[in-house]
Amino acid sequence: MSTAANTPAPAAGGRAGMKKELPEHFKAYKGVWVFIEVERGVVHPVSWELLGEGRKLADKLGVELAGAILGPKGEATNHAIAESFAYGADLVYLMEDELLADYRNEPFSKGLTDLVNTFKPEILLLGATTLGRDLAGSVATTLLTGLTADCTELAVDADKSLAATRPTFGGSLLCTIYTLNFRPQMATIRPRVMAMPKREEKPIGRVITHPLNMAEEDIVTKILSFVADREAGKVNLAYADIVVAGGLGMGAMENLQLVKNLAKALGAEYGCSRPLVQKGWMPAERQIGQTGKTIRPKLYIAAGISGAIQHRVGVEGADMIVAINTDKNAPIFDFAHVGVVTDAVRFLPALTEAFTRRLSPHNRDKLAG
Amino acid sequence: MHIVVCIKQVPDSAQIRVHPVTNTIMRQGVPTIINPYDLFALEEALRLRDKHGGEVTVLTMGPPMAEDSLRKALTFGADRAVLLTDRFFAGSDTLATSYALAQAIAKIGETFGAPDIVFTGKQTIDGDTAQVGPGIAKRRNFLQLTYVSKISDVDLAGGKIRVERRAEGGVQVLETKLPVLITMLEGVNEMRRGSMSDALRAARAELVVWSAQDAGIEDILKCGLRGSPTVVKRVFAPSPRAEKAKQVEIQPAAIDTADALIETIFGQLPALEGELVELHQTL
Numbered sequence: 175m176s177t178a179a180n181t182p183a184p185a186a187g188g189r190a191g192m193k194k195e196l197p198e199h200f201k202a203y204k205g206v207w208v209f210i211e212v213e214r215g216v217v218h219p220v221s222w223e224l225l226g227e228g229r230k231l232a233d234k235l236g237v238e239l240a241g242a243i244l245g246p247k248g249e250a251t252n253h254a255i256a257e258s259f260a261y262g263a264d265l266v267y268l269m270e271d272e273l274l275a276d277y278r279n280e281p282f283s284k285g286l287t288d289l290v291n292t293f294k295p296e297i298l299l300l301g302a303t304t305l306g307r308d309l310a311g312s313v314a315t316t317l318l319t320g321l322t323a324d325c326t327e328l329a330v331d332a333d334k335s336l337a338a339t340r341p342t343f344g345g346s347l348l349c350t351i352y353t354l355n356f357r358p359q360m361a362t363i364r365p366r367v368m369a370m371p372k373r374e375e376k377p378i379g380r381v382i383t384h385p386l387n388m389a390e391e392d393i394v395t396k397i398l399s400f401v402a403d404r405e406a407g408k409v410n411l412a413y414a415d416i417v418v419a420g421g422l423g424m425g426a427m428e429n430l431q432l433v434k435n436l437a438k439a440l441g442a443e444y445g446c447s448r449p450l451v452q453k454g455w456m457p458a459e460r461q462i463g464q465t466g467k468t469i470r471p472k473l474y475i476a477a478g479i480s481g482a483i484q485h486r487v488g489v490e491g492a493d494m495i496v497a498i499n500t501d502k503n504a505p506i507f508d509f510a511h512v513g514v515v516t517d518a519v520r521f522l523p524a525l526t527e528a529f530t531r532r533l534s535p536h537n538r539d540k541l542a543g
Numbered sequence: 059m060h061i062v063v064c065i066k067q068v069p070d071s072a073q074i075r076v077h078p079v080t081n082t083i084m085r086q087g088v089p090t091i092i093n094p095y096d097l098f099a100l101e102e103a104l105r106l107r108d109k110h111g112g113e114v115t116v117l118t119m120g121p122p123m124a125e126d127s128l129r130k131a132l133t134f135g136a137d138r139a140v141l142l143t144d145r146f147f148a149g150s151d152t153l154a155t156s157y158a159l160a161q162a163i164a165k166i167g168e169t170f171g172a173p174d175i176v177f178t179g180k181q182t183i184d185g186d187t188a189q190v191g192p193g194i195a196k197r198r199n200f201l202q203l204t205y206v207s208k209i210s211d212v213d214l215a216g217g218k219i220r221v222e223r224r225a226e227g228g229v230q231v232l233e234t235k236l237p238v239l240i241t242m243l244e245g246v247n248e249m250r251r252g253s254m255s256d257a258l259r260a261a262r263a264e265l266v267v268w269s270a271q272d273a274g275i276e277d278i279l280k281c282g283l284r285g286s287p288t289v290v291k292r293v294f295a296p297s298p299r300a301e302k303a304k305q306v307e308i309q310p311a312a313i314d315t316a317d318a319l320i321e322t323i324f325g326q327l328p329a330l331e332g333e334l335v336e337l338h339q340t341l
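As you go down the protein sequences, you meet chains A and B in turn. First residue of the first sequence? That's 175 in the numbering used here, and the numbers climb one at a time after it. First residue of the second sequence? That's 59 in the numbering used here, and the numbers climb one at a time after it.
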């Protein structure tokens, strides 16, 4: 045994974050948690996507995967518990309280912080939704731990720390971020970035409950009303099977009608790249990419989009990417499956017509006959 | 009322170029702008001031050249600008940034009057984290209202505020007590053109420039790289897909090419064709 005196802690001037040895009190932090987002009785599907990803991380670490559920007693919460097991959780941490019926920052950030401090997970994942981002920022600040936003890839390193990769500098590069000396390691991931895991019917397993210990009088913010989005006007880009999008190569705002026409012929949603939102050619809710929606369709048709990383990370989950662009060196051809080097403005009408012809029942009958 | 608006000077991201060999950002000559999301916060603050009276203080943390963005904010009509600048802040992640800004906001409160509202934009266009606003709220113990689409009413005498907040699947109408931290949603207002007198004032205005010490930050270890729990270990460019795209090169956009493309698509996604045919039968 070495008799050398313990080396003193690195000087305060050192880059503390790079120390590899985890402080003693954090070594008890074990397990991977996914915050199961239940709002107004509905679980956001990103929670299941994260359970799928969390399963891989937990298996690599040799630890358990847990769902953290905060909600009122009742059917919706019971459903969230049962589904968490079906999507791969080993156990559920549950905080049941009427005050958790609708999302408010105060009870949810206290509740989740208390759960973390009591049961000590090493990794905590949340969906990068308006709710998840509101909550994650508060909880990480209270816990004084690291939080990496909008990750596109999660991995476990050789030393068992979480390697969280995300686009940086406005989406020009990717960077891998670690929270080496603090626990839990927190990350948010946008809907559709991770694949939906297979659901398997499973019995309800261990459920560990913990009280919120709050009264309505403790909560300053009151919800006066909730105005639900009209179902009809809702854009559901993230979960669409087919998406057609236009970029600067469409040349003019009126040419976006060609994108909409093709989308209509395919029963698809339409969207655009970031510059078009900045120009005011399409509303922000239609933006696809790191700062807009992440999509995972079966078919994605990108018309006149060059394919900057900021856009790429938003569409890479598509089964098939078809790119139409005049510039054969455009970065989109680095990740598209099929590329057409031509002017999208001229090509889209032909494509729409060809699709319509091929899919029209009338024509098919004729062909069959 | 006193409103503090946190802004950030960011590179105009549309013009960022990455060095093809070293994978580093080529910053030379890249113009900087006020983070576009912050302008919605600033405009909302100016409207509240115009309606209720009081002052708008803009605050930024950054290098000395961030002065440009503060002066720009003054041309829009902000009353005062505070620049928090110190080498100790270099390398701050969102936790360290929210600490420094929260300390500066406390100092602004002591020096110029306690703020009723602190605004930030929804997120920045260079970091895109949306974490600093909630971080400031938690550290200052302000109530937090994120993704606010409308400020319906401010009752200064009663110390109350009512807002509409974008939530998943709808809009929450919330009432809470001042002071609050609000992160403003984009597209909810349009930044005014500043007046000539504001432009003249902005050009001559003396900015409040604070070091960490000036802002009352005693614990330097909570700042910059050392105060940041997250560590960036690797920055890299994404690799191309192993197989390059199968390119269909065509000169005039011909219908034959469209047919060939559709053949390729359905060749790889046969199930999709069936689904689409069914869909068309129901149309």
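Do not rely on the hints blindly, as some may be mistaken.
In silico lysine-lysine, DSSO-like type, Cα no more than 30 Å apart, as pairs [unchecked claim]:
id	chain 1	residue 1	chain 2	residue 2
1	A	Lys334	B	Lys280
2	B	Lys280	A	Lys294
3	B	Lys208	A	Lys453
4	B	Lys165	B	Lys235
5	B	Lys165	B	Lys218
6	B	Lys165	A	Lys294
7	A	Lys453	A	Lys434
If you want a taste of the chain A side facing chain B, the calculated C-beta under 8 Å gives, among others [to be verified]:
id	residue
8	Leu347
9	Leu354
10	Thr383
11	Glu391
12	Val394
If you are wondering where the hints come from, they were derived from the structure by calculation, not from laboratory data. Ideal Cβ placement from N, Cα and C applies to all residues, glycine included.
Comparing the hints with the structure gives:
no. : hint                : result
1   : A:Lys334 x B:Lys280 : holds (26 Å)
2   : B:Lys280 x A:Lys294 : holds (23 Å)
3   : B:Lys208 x A:Lys453 : holds (23 Å)
4   : B:Lys165 x B:Lys235 : holds (21 Å)
5   : B:Lys165 x B:Lys218 : holds (23 Å)
6   : B:Lys165 x A:Lys294 : violated (35 Å)
7   : A:Lys453 x A:Lys434 : holds (18 Å)
8   : Leu347              : holds (5 Å)
9   : Leu354              : holds (6 Å)
10  : Thr383              : violated (25 Å)
11  : Glu391              : violated (13 Å)
12  : Val394              : holds (5 Å)
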